[in-house]
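Given the coordinates of chain G, assemble chain C onto it according to the supplied hints.
Here the protein sequences line up with chains G and C, keeping their order.
Each residue of the first sequence is one higher than the last, beginning at 254 in my numbering.
Each residue of the second sequence is one higher than the last, beginning at 79 in my numbering.
There's no promise every hint is true.
Straight-line Cα separation of at most 30 Å, DSBU-like style, residue types lysine-lysine; simulated pairs [what the hints assert, rightly or not]:
# : chain 1 : residue 1 : chain 2 : residue 2
1 : G       : K289      : C       : K105
2 : C       : K119      : G       : K397
3 : G       : K397      : C       : K122
4 : C       : K119      : C       : K105
5 : G       : K397      : C       : K89
6 : C       : K131      : G       : K397
7 : G       : K289      : C       : K119
8 : C       : K143      : G       : K327
9 : G       : K327      : C       : K105
If you anchor each label on the Cβ, the simulated ranges turn out as follows [stated by the list, open to error]:
#  : chain 1 : residue 1 : chain 2 : residue 2 : range
10 : C       : G118      : G       : P263      : 25 to 33 Å
11 : G       : T291      : C       : E126      : 26 to 34 Å
12 : G       : E454      : C       : F109      : 48 to 56 Å
13 : C       : L107      : G       : Q413      : 43 to 51 Å
Quick caveat, the hints were computed from the structure, so don't treat them as lab data.
Beta carbons are placed, not taken as given, at the ideal position from N, Cα and C, and that holds for glycine.
Each chain is listed here by its residues.
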Amino acid sequence: MIKFGVVIFPGSNCDADAIYAVSQVAKQAVIPIWHKDTQIPDVDCIILPGGFSYGDYLRPGAVASRSPVIQTIKRYAVNGGKVIGICNGFQVLVETNLLPGVLLTNQSTRFISRMVTLEVQNNETPFTCLFQKNQSIRIPIAHKDGNYFADADSIRMIQQNHQIVFTYQNNPNGSVNDIAGICNREKNVLGLMPHPERACESLTGSSDGLLVFQSIVDSCKETK
Amino acid sequence: MITIFVNVQPKANILDPQGKTIQHALKNLGFQSIQEIRIGKRIKINIEVDNVKEATAKVQEMCEKLLINPLIEEYSLEVVS
Numbered sequence: 254m255i256k257f258g259v260v261i262f263p264g265s266n267c268d269a270d271a272i273y274a275v276s277q278v279a280k281q282a283v284i285p286i287w288h289k290d291t292q293i294p295d296v297d298c299i300i301l302p303g304g305f306s307y308g309d310y311l312r313p314g315a316v317a318s319r320s321p322v323i324q325t326i327k328r329y330a331v332n333g334g335k336v337i338g339i340c341n342g343f344q345v346l347v348e349t350n351l352l353p354g355v356l357l358t359n360q361s362t363r364f365i366s367r368m369v370t371l372e373v374q375n376n377e378t379p380f381t382c383l384f385q386k387n388q389s390i391r392i393p394i395a396h397k398d399g400n401y402f403a404d405a406d407s408i409r410m411i412q413q414n415h416q417i418v419f420t421y422q423n424n425p426n427g428s429v430n431d432i433a434g435i436c437n438r439e440k441n442v443l444g445l446m447p448h449p450e451r452a453c454e455s456l457t458g459s460s461d462g463l464l465v466f467q468s469i470v471d472s473c474k475e476t477k
Numbered sequence: 079m080i081t082i083f084v085n086v087q088p089k090a091n092i093l094d095p096q097g098k099t100i101q102h103a104l105k106n107l108g109f110q111s112i113q114e115i116r117i118g119k120r121i122k123i124n125i126e127v128d129n130v131k132e133a134t135a136k137v138q139e140m141c142e143k144l145l146i147n148p149l150i151e152e153y154s155l156e157v158v159s
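In isolation and in its complexed conformation, chain G is listed as follows (with noise of 0.2 Å):
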């Protein structure tokens, strides 16, 4: 069984989506991690979940990104550790900069609440080796401050480097060049707007997202 650590900021919301995800549907092993805590289990992969970290204050994710646990998680990833950071977790990875760019407040300044159509673009990460390269998936996306932007010598770099790993179908929010999720140069960090952990039974709509978490599993047990 692969264990995954779900960390706890206070405003998280979707932490007990992506315990449910992990633990009752792809049925493997998941431990909640603290941000308060400096060190973390020994576990697979990282989950950063959704939601307000603090509020949201000052700007998406710049609080959380100074939190006690995100250094311990620094290191992890930077020695190669699995990363997810869904929604408000993509905005910490970028805050943190383990993942470049900046989220800014959707072009139309609403909150979207809807599903949308997504493109797997590089199926060669831990996190889509499931999907097919091109594959239209169906993944929800809730969010306000979910446009993402890079200047143009950082989109050219991550392009180059194969590091977009998602985009939207139609643009919902502005985001440059479609991006819905991007991963780092090692491919062991992924941040995603959308909410795989909200599409992992037909009953909310769509299964799609199971397939982030699998994996996530498989990549995991080939490594071990």
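Frame of chain G, contents of chain C only:
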């Protein structure tokens, strides 16, 4: 005690949808001469140190460590002693 205001503005190349929305609303109220509105924020910091130089250095460090994201924001300091 020294008071320093950090004035934060979105960088010129960054879209500011909030500013755009307010701009449209004000134009609808008849303020046709508006060229542009950009919305930033102002952070007040009271700090207990010996002199302004030290206060400025401390606040600068706060900006670099947390208060500012240099990708999208620029800032200036305003000292009130």
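For this session: Enumerate the violated hints, using their earlier numbering and listing them in ascending order.
Result: Those not satisfied are hints 1, 6, 9.
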